[in-house]
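Taken in order, these protein sequences are the chains called A and B.
Under my numbering, the very last position in the first sequence is 117; numbers go up by exactly one each time.
Under my numbering, the very last position in the second sequence is 116; numbers go up by exactly one each time.
Take the hints with a grain of salt, since some may be wrong.
Heads up, incomplete: computed chain A residues facing chain B, CB under 10 Å, no partners named [as the list claims (entries may be wrong)]:
# : residue
1 : K49
2 : F63
3 : F67
4 : K69
5 : Q71
6 : S109
7 : P117
Keep in mind that the hints were calculated from the coordinates and are not lab data.
Keep in mind the model is a prediction, meaning the values are calculated, not measured.
Note that the Cβ used here is the ideal one computed from N, Cα and C, for glycine as well.
For reference, the chains in residue letters:
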Amino acid sequence: AQSVAQPEDQVNVAEGNPLTVKCTYSVSGNPYLFWYVQYPNRGLQFLLKYITGDNLVKGSYGFEAEFNKSQTSFHLKKPSALVSDSALYFCAVRDGVASGSARQLTFGSGTQLTVLP
Amino acid sequence: DAGVTQSPTHLIKTRGQHVTLRCSPISGHKSVSWYQQVLGQGPQFIFQYYEKEERGRGNFPDRFSARQFPNYSSELNVNALLLGDSALYLCASSLDRTPTSGNTIYFGEGSWLTVV
């Protein structure tokens, strides 16, 4: 079974400050990790993913994430937050092995990011 | 290019009724998945289809069914609606030729279903 934990329901940060949204995961095989953002009453928008290779992944809108295998974490980061970054952020995992359950994404419960002006 | 498109965007149904939700994947994508997102929670996997075959099913009752058409579009059907089926239903598409491909999964804007 695969699972994702986002330990913080809410993260508040001042505009211009760095932000971190935390994610830890559990899978039996190789982790394929994703971050999505959801604005109010909208669908999910892809930010970035880790499949293999460099542990630091760069994505859309200046976001990046660091894969840490020993800590089973994939935290989302941005050096300087914008008010427009305020939204709901979801971490998701998929098991990258050829099994029946490999094709589904398992999501965390989400973290509401609020960037204060 | 158009992204994943879903219809209808909003609908209201009565308990016991049936609903059909529709999805068109990104051009060239042969994999379509459906997710249910209840307010305040993360999306939950319902089905995945690839080349018109069901490749995965989540922990949902048999009232939920889906199919994929030759043009790779898909329908999600829910019978005997319950109040608890009220949610945002998200469709996603990807290239997904193999389970290990790691292709990005793109989501549509969703269909908001309210059951009264």
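Here is how each hint holds up against the structure:
no.	hint	verdict
1	K49	6 Å, holds
2	F63	15 Å, violated
3	F67	13 Å, violated
4	K69	16 Å, violated
5	Q71	21 Å, violated
6	S109	5 Å, holds
7	P117	26 Å, violated
Consistency note: the structure conflicts with the earlier hints numbered 2, 3, 4, 5, 7.
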